[in-house]
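Trainee: Read top to bottom, the protein sequences are chains F and C.
Residues in the first sequence are numbered consecutively from 1, following my numbering.
Residues in the second sequence are numbered consecutively from 1, following my numbering.
Please note: incorrect hints may appear among the correct ones.
[Said to hold, decoys possible] Derived, one-sided and incomplete: chain C residues facing chain F with beta-carbon distance under 8 Å: (1) L5; (2) I50; (3) M59; (4) P61; (5) G86; (6) L132.
[What the hints assert, rightly or not] Residues from chain F shown here face chain C by an in silico Cβ test under 8 Å; the list is partial: (7) L10; (8) L56; (9) L59; (10) M137.
Read the hints as simulated data drawn from the structure, not as lab findings.
Heads up, the beta-carbon is just placed ideally off N, CA and C, and yes, glycines get one too.
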Amino acid sequence: MMPMDWIFGLIGGLLIGLAGAVYLLGNGRVMGASGIIGGLVDGTAHSAWAERLAFLAALIAVPAILQFGLQVVTGAASAPFLLIAAGLCVGVGTRLANGCTSGHGVCGISRFSPRGIVATLIYIGAGVVTVVILRAMVGAI
Amino acid sequence: MRVLLAAIAGGLFGAGLHLSGMTDTTKVQGFLDLFGAWDPTLAFVMGGAIVPMAIAWRMVPGRTPLVGGGFAPAPDPLLDRRLIVGSILFGIGWGLIGLCPGPALASLSYGGWTGAVFLIAMLAGMWFAPRLSPYLDRTGQAV
Chain F
1 MMPMDWIFGL IGGLLIGLAG AVYLLGNGRV MGASGIIGGL VDGTAHSAWA ERLAFLAALI
61 AVPAILQFGL QVVTGAASAP FLLIAAGLCV GVGTRLANGC TSGHGVCGIS RFSPRGIVAT
121 LIYIGAGVVT VVILRAMVGA I
Chain C
1 MRVLLAAIAG GLFGAGLHLS GMTDTTKVQG FLDLFGAWDP TLAFVMGGAI VPMAIAWRMV
61 PGRTPLVGGG FAPAPDPLLD RRLIVGSILF GIGWGLIGLC PGPALASLSY GGWTGAVFLI
121 AMLAGMWFAP RLSPYLDRTG QAV
């Protein structure tokens, strides 16, 4: 018997994949969170800003509604400087690499894109190293 | 129609993040904690997401998107410095807090000030990134 967490992970994952399939077959676009957000921030979204905003609004609204019926589990709070450093790294990194977990990970790997596969291996590797160092340094995350 | 489909996709994405438990940054960091108390949940989320997406990619040839027009062109198959440096930076930030761009935005609805601080820094980074990219030329290896 698989732990419930894994089963919910699988079901949630299927929904995320379905979201990507709707965005691809419906709008003809690759669903990457960093690209959708980043395009609005740096002005490269051009005429597609309305659909991007709709995507992001629903991405915020649905978990906001769901949490009334289904308790949301969040992580522990972290030190502000850590949050800022991490946010900057994620923002700069995903835009330089042109993708994040959704774009390179979900959409890239599923089309056997070498860029997506390489990017995913690198960011998971860098994440593993970071967590190992963080645990060794503070032991409290 | 474009806006409606985008909202449906965003909603499904949000529901998926919520159900999968990926709103919990300790589960994400648990996945990255390969040499500690490893939590494989994220691998199930990734695996689950790749299945419908792989089917969707197989449906693309010979079709047009529902709203008409064309599919976004595939990116240059180039493993360049930007991809590598960017992914390393992303991995570091992801490991530090356990948030990537999708959940960072969704966390506005549940993450309190923690998520908001991260999100603002992330948006600043995204705004700044194009100013850095000239320093990382796109020489790389074609694959």
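Trainee: If a hint holds in the structure, say so; if it doesn't, say that too.
Mentor: The hints, checked one at a time:
Satisfaction of the interface hint for L5 (chain C) is found here, the shortest Cβ-Cβ separation to chain F being roughly 4 Å, below the 8 Å cut-off. Interface hint at I50 (chain C): satisfied, since its Cβ lies 5 Å from the closest Cβ of chain F, which is below the 8 Å cut-off. Interface restraint check: M59 (chain C) against chain F, minimum CB-CB distance 6 Å, threshold 8 Å, status holds. Among the interface hints, the one on P61 (chain C) is violated; its C-beta lies about 11 Å from the nearest C-beta in chain F, farther than the 8 Å criterion.
Nearest Cβ of chain F to the Cβ of G86 (chain C): about 3 Å, under the 8 Å cut. The hint holds. Satisfaction of the interface hint for L132 (chain C) is found here, the shortest Cβ-Cβ separation to chain F being roughly 7 Å, below the 8 Å cut-off. Taken as an interface hint, L10 (chain F) checks out: its beta carbon lies about 4 Å from the nearest beta carbon of chain C, inside 8 Å. Interface restraint check for L56 (chain F): the shortest CB-CB distance to chain C comes to about 6 Å, inside 8 Å, so the restraint holds.
Taken as an interface hint, L59 (chain F) checks out: its beta carbon lies about 4 Å from the nearest beta carbon of chain C, inside 8 Å. Interface restraint check for M137 (chain F): the shortest CB-CB distance to chain C comes to about 11 Å, outside 8 Å, so the restraint is violated.
Hint compliance for this structure: hints 4 and 10 are broken, all remaining hints hold.
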